[in-house]
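Number of protein chains: 2
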Amino acid sequence: MNKPCLAKGTRDFGPEEMNKRKFIFSTIEKIFKNYAFEAIETPALENIETLTGKYGDEGDTLLFRILDSGDYLKTWKEKNLLDANSSELTPHIASRGLRYDLTVPFARFVAMNRHRISIPFRRYQMQPVWRADRPQKGRYREFWQLDADIIGSESLMNEADLMNIFHNAFNGLGIDKYQIHINNRKVLEGVADVLGAKESFSTLTVALDKFDKIGWEGVQNELLQKGFSNQQCDLLKPFLQSAPLSFEILAKWKAMLQVSPTGIKGIEELEDLCNYLFASDGLHHIHFDGTLARGLSYYTGCIFEVKVLDSGMGSIAAGGRYDNLTGIFGMPGLSGVGISFGADRIYDLMEAQNLFPSEITASKKILFCPLEEKSIAFCLQAAKILRENAIPCLVYPGAVKIKKQLDFANAIYAKYAVLVGENEINAGILSLKNLESGAQKSISIDDLIKELKHDF
Amino acid sequence: MNKPCLAKGTRDFGPEEMNKRKFIFSTIEKIFKNYAFEAIETPALENIETLTGKYGDEGDTLLFRILDSGDYLKTWKEKNLLDANSSELTPHIASRGLRYDLTVPFARFVAMNRHRISIPFRRYQMQPVWRADRPQKGRYREFWQLDADIIGSESLMNEADLMNIFHNAFNGLGIDKYQIHINNRKVLEGVADVLGAKESFSTLTVALDKFDKIGWEGVQNELLQKGFSNQQCDLLKPFLQSAPLSFEILAKWKAMLQVSPTGIKGIEELEDLCNYLFASDGLHHIHFDGTLARGLSYYTGCIFEVKVLDSGMGSIAAGGRYDNLTGIFGMPGLSGVGISFGADRIYDLMEAQNLFPSEITASKKILFCPLEEKSIAFCLQAAKILRENAIPCLVYPGAVKIKKQLDFANAIYAKYAVLVGENEINAGILSLKNLESGAQKSISIDDLIKELKHDF
Numbered sequence: 001m002n003k004p005c006l007a008k009g010t011r012d013f014g015p016e017e018m019n020k021r022k023f024i025f026s027t028i029e030k031i032f033k034n035y036a037f038e039a040i041e042t043p044a045l046e047n048i049e050t051l052t053g054k055y056g057d058e059g060d061t062l063l064f065r066i067l068d069s070g071d072y073l074k075t076w077k078e079k080n081l082l083d084a085n086s087s088e089l090t091p092h093i094a095s096r097g098l099r100y101d102l103t104v105p106f107a108r109f110v111a112m113n114r115h116r117i118s119i120p121f122r123r124y125q126m127q128p129v130w131r132a133d134r135p136q137k138g139r140y141r142e143f144w145q146l147d148a149d150i151i152g153s154e155s156l157m158n159e160a161d162l163m164n165i166f167h168n169a170f171n172g173l174g175i176d177k178y179q180i181h182i183n184n185r186k187v188l189e190g191v192a193d194v195l196g197a198k199e200s201f202s203t204l205t206v207a208l209d210k211f212d213k214i215g216w217e218g219v220q221n222e223l224l225q226k227g228f229s230n231q232q233c234d235l236l237k238p239f240l241q242s243a244p245l246s247f248e249i250l251a252k253w254k255a256m257l258q259v260s261p262t263g264i265k266g267i268e269e270l271e272d273l274c275n276y277l278f279a280s281d282g283l284h285h286i287h288f289d290g291t292l293a294r295g296l297s298y299y300t301g302c303i304f305e306v307k308v309l310d311s312g313m314g315s316i317a318a319g320g321r322y323d324n325l326t327g328i329f330g331m332p333g334l335s336g337v338g339i340s341f342g343a344d345r346i347y348d349l350m351e352a353q354n355l356f357p358s359e360i361t362a363s364k365k366i367l368f369c370p371l372e373e374k375s376i377a378f379c380l381q382a383a384k385i386l387r388e389n390a391i392p393c394l395v396y397p398g399a400v401k402i403k404k405q406l407d408f409a410n411a412i413y414a415k416y417a418v419l420v421g422e423n424e425i426n427a428g429i430l431s432l433k434n435l436e437s438g439a440q441k442s443i444s445i446d447d448l449i450k451e452l453k454h455d456f
Numbered sequence: 001m002n003k004p005c006l007a008k009g010t011r012d013f014g015p016e017e018m019n020k021r022k023f024i025f026s027t028i029e030k031i032f033k034n035y036a037f038e039a040i041e042t043p044a045l046e047n048i049e050t051l052t053g054k055y056g057d058e059g060d061t062l063l064f065r066i067l068d069s070g071d072y073l074k075t076w077k078e079k080n081l082l083d084a085n086s087s088e089l090t091p092h093i094a095s096r097g098l099r100y101d102l103t104v105p106f107a108r109f110v111a112m113n114r115h116r117i118s119i120p121f122r123r124y125q126m127q128p129v130w131r132a133d134r135p136q137k138g139r140y141r142e143f144w145q146l147d148a149d150i151i152g153s154e155s156l157m158n159e160a161d162l163m164n165i166f167h168n169a170f171n172g173l174g175i176d177k178y179q180i181h182i183n184n185r186k187v188l189e190g191v192a193d194v195l196g197a198k199e200s201f202s203t204l205t206v207a208l209d210k211f212d213k214i215g216w217e218g219v220q221n222e223l224l225q226k227g228f229s230n231q232q233c234d235l236l237k238p239f240l241q242s243a244p245l246s247f248e249i250l251a252k253w254k255a256m257l258q259v260s261p262t263g264i265k266g267i268e269e270l271e272d273l274c275n276y277l278f279a280s281d282g283l284h285h286i287h288f289d290g291t292l293a294r295g296l297s298y299y300t301g302c303i304f305e306v307k308v309l310d311s312g313m314g315s316i317a318a319g320g321r322y323d324n325l326t327g328i329f330g331m332p333g334l335s336g337v338g339i340s341f342g343a344d345r346i347y348d349l350m351e352a353q354n355l356f357p358s359e360i361t362a363s364k365k366i367l368f369c370p371l372e373e374k375s376i377a378f379c380l381q382a383a384k385i386l387r388e389n390a391i392p393c394l395v396y397p398g399a400v401k402i403k404k405q406l407d408f409a410n411a412i413y414a415k416y417a418v419l420v421g422e423n424e425i426n427a428g429i430l431s432l433k434n435l436e437s438g439a440q441k442s443i444s445i446d447d448l449i450k451e452l453k454h455d456f
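Residue numbers (the numbering used here), protein chains in the order written: chain A, 1 to 456; chain U, 1 to 456.
For reference, chain A alone in the conformation it holds in the complex (with noise of 0.2 Å):
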């Protein structure tokens, strides 16, 4: 094998660009621990009846399965074989698959360790996912989600929370143009009602996710087409209308809502979750969203979506309340509210508008460089000292010539160079070389110390 090459939509991650990533997950991760969230880690396989008929039947085929162990056919050739087809075989042979997203493997682990936890439970998790969706701009086969969700308390504080963390991140990150949008799914039902096509709501959500490609015309199209009427579409349009989360709007919403209970329900979570962010200074960066739906079938209360303006890029975060996640897998009555941030999308967006602070590119480090063999014992006692003093760095591996190993300092990016030949052991000093500025000078590893201890 001669021309090794990546799995298709997956990335290796060099030092540049792990210490931007890093930049953000420490960020996020910083903000997650400042809300009092406690980390968690689940495995990447998990059994297949854990991840299948959770994300809807495009979830399913977007899976990654693992084959299974051994002699896996076995038992299947007694069947007749040669009519099988693959979907067929597929739960025959593959037990396990890789982890989705980090939602469903929370509630499972909830489930597994409720005498464990204290209800409510904040837990954050920062690990990938895979899809085996078609890779493209922005969408990769492996990606990083940063999730923090809170399960076992249904008041709107928890929601609150969860939008402070978003402003704290963003405010972080250096993103100030970022858009939080914001709907209920009780809210959409009650439109439903409205409507009278409380039968159709699935129907009804899934083209108005669309609403953001297609537009009013596509959307009223396609309910057309699935049976909608004129009228029903009508009715539709003035719920689909975004505007700065406020009491005002609300009140709107409710007379417009007024012949459902459930679409009231929706707008006075939301009316809670307006008190709580006034209270908090986080009524800000945030739009009520009409035609917000989120695919994902598990939503039941508010749900919400993060976009850039001017990004010309999919959400960069998202999220929002399920009832009874946990319920699947043998617990119920457990509601849960979460986010996500998609790290991978926030790098991509990071870089596209140079938002990374420049003195993370590149890692700070020391280079010794021997000048004759018998140099070499000193600087590694030397570099042995910086390194009890918390200062990184190395020794070139051998006395080459000098230009060399310069040629290397600079190549990785080295703060200084520090010089050492026969004159500088016998007075017992060292020669240091600011690679920035060129400029050269004698100094005592003491003195280096003092000078270098507040740069690293």
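There may be inaccurate statements among the hints.
Same chains, same names: a pair is fine if it fits in one copy or spans any two.
Claimed, not checked - Listed next, the in silico DSBU-like pairs over lysine-lysine satisfying Cα-Cα at most 35 Å (straight line):
| # | residue 1 | residue 2 |
| --- | --- | --- |
| 1 | LYS453 | LYS415 |
| 2 | LYS3 | LYS33 |
| 3 | LYS453 | LYS237 |
| 4 | LYS20 | LYS213 |
| 5 | LYS254 | LYS364 |
| 6 | LYS3 | LYS213 |
| 7 | LYS3 | LYS198 |
| 8 | LYS307 | LYS450 |
These are computed hints drawn from the structure, not numbers from a lab.
Given the coordinates of chain A, work out where chain U should sit on it, guided by the hints.
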């Protein structure tokens, strides 16, 4: 589905386990950075050709393979499917697999990114790997490797750096009864030369690898069975010894290996290493071990394994030098050396020996307890101010009975509870309850921040 369970050999990590794991990961990551290693990450999924043939026959059977999407039986059906067996079918329906270690993906990364990296390249990588092994105590199907490798330099200074990383890491983790066993594949070749068994080198190393478990008798029996003579076994016996690494023991071995130029070369490499370790105060906890062979066939120079006395556990870290791993991927001539910490074994060891510092087991936080509904807005505002001062906190989501709120505070190991009722709001003063001592006092929010800032 009512009783969810984990895929065999995998684990969830709850908050307490995560805090302990983070202690291990961050301790070792800080040391990697201190030695000027740069982070990279590679994908969990690799094309199967990247993985197969690198880990021996047993390794190939332990690979987790991903079932292809779509109608994978389509082309296969035209052949006689009834005659097919699983191992024949597998390559046709599973073109990707899960990462088995971090070294092979790293070699692939280097070959694919040769123009972006500076040689010698020092990288660290901390990611999970997957093996379809039979799960047992201390052996998982998903486990974490924390690797540091230097590629593109033959100097034994690199080995010395890695041994010093071992020292720093085990000191940092509080593991003091560690022994670094060290040998050299060239020394083993030299031993084969002395025995006149050059052709049976791999038979010899496979037998030696079991010395720990089956002892001299067992090794001898295996060798006799495989065609070695009694005389050869007699010649072998003096080499099966272990002693603290020193110039003296190396001199002794040099004499014993004088018939083998390769063996002498191996000893000279160890002498170099000894010199560099001596210069950097790293010549301790290291045992030259003639029985150490290391299974992976890609090793060509020094090899290492770290054991902990009285732990009843296999090695917790290991590594070695490989001369042609990037050659497999079309980039010959690069020698590399690396080490790998087994994070899960280290965790199990530290747990068994009670080595985790007590302060890391719970993350610090404060719970605001609203005594009535109208206190909530005040709590949210106060929580916001604390978070702005990097003091992690949360507000109990609802003004339920104070007993219930305080029980929750204890359950989540909150350090303080802040009680907020009408009196507190009117006076603009908080009631702070220390949950360890039970002491309660009144305090202004400014004084609270001053008091807690050094605590968090």
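Going through the hints against the structure:
For the homomeric pair LYS453 and LYS415, the shortest alpha-carbon distances inside one copy (13 Å) and between copies (33 Å) are both at most 35 Å. For the homomeric pair LYS3 and LYS33, the shortest alpha-carbon distance between copies (31 Å) is at most 35 Å, but the shortest distance inside one copy (44 Å) is not. Within a single copy, LYS453 and LYS237 get their C-alpha atoms no closer than 64 Å, and across copies no closer than 53 Å, so neither meets the 35 Å cut-off. Taking identical chains as interchangeable, the C-alpha atoms of LYS20 and LYS213 lie at most 35 Å apart only when both belong to the same chain, with a minimum of 31 Å there against 46 Å between chains.
Proximity of LYS254 and LYS364 under a CA criterion of 35 Å is satisfied in neither setting, with 57 Å inside one chain copy and 42 Å between copies. In this homomeric assembly, LYS3 and LYS213 never come within 35 Å of each other (Cα to Cα): the closest approach is 40 Å inside a single copy and 40 Å across copies. Only between protomers do LYS3 and LYS198 lie at most 35 Å apart by alpha-carbon distance; the minimum there is 33 Å, versus 57 Å within a single protomer. Within a single copy, LYS307 and LYS450 get their C-alpha atoms no closer than 46 Å, and across copies no closer than 38 Å, so neither meets the 35 Å cut-off.
The structure shown violates the earlier hints numbered 3, 5, 6 and 8.
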